[in-house]
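Trainee: Letter 36 of the sequence shown, counting from 1, is numbered 259 in this note's numbering, and no numbers are missing.
Honestly, the hints are just simulated from the structure, not real lab data.
Here a beta-carbon is modelled for each residue, glycine too, at the ideal position from N, C-alpha and C.
As a list, the in silico DSS-like pairs of lysine-lysine whose alpha-carbon atoms are at most 30 Å apart:
(1) Lys279 with Lys324
(2) Lys324 with Lys340
(3) Lys335 with Lys346
(4) Lys226 with Lys279
(5) Lys352 with Lys333
(6) Lys346 with Lys324
(7) Lys335 with Lys352
(8) Lys340 with Lys352
(9) Lys324 with Lys352
(10) Lys333 with Lys346
(11) Lys335 with Lys324
FRET-style restraints, in silico, Cβ to Cβ:
(12) Ile309 with Gly350: 17 to 27 Å
(13) Gly310 with Gln250: 11 to 21 Å
(14) Gly265 with Glu343: 39 to 49 Å
(15) Glu267 with Ala358: 46 to 56 Å
(16) Asp266 with Arg360: 50 to 60 Å
(17) Ser320 with Asp282: 15 to 25 Å
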Amino acid sequence: MSKFMELRTTLTDERYLVDALQELGYQPEVCREGRPLFGYMGDERPERAQIIIRRKQLDSASNDIGFARDGNGIYRAIISEYDRGIGFDDAWIGRVSQAYKERQTLAVAKAKGYVFKGREVIKTPQGNKVQLRFAVR
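Starting from the given sequences, assemble the full structure and let the hints guide the process.
Mentor: Given below as structure tokens:
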């Protein structure tokens, strides 16, 4: 039985988190009351989350991955040790966060009247950087 670990994120908005996960190819399950996570053998675990990527969307030996909202409204990622070892690690959380931030930025810019002009990925010594371009109407 894999041990689940909780990773704190800065993500607070359900809609952008769900959109980010969908952009990365997952079909997350959403339940505001929270649902239990399941282990690789189909066993119900005590861990609960409001946003869940079910294990069938991951590796054949994976556990569910969950995002649980804490009392401050911030999501914690709940990921098993096994799944962290096969790539659902800090870098994966970083990709989720990047997609989340892009969705959030696009929504805020649109609400303020900006027009989206494009997205560019710039290679830097620290890694890829995403630049979103906007224009004033």
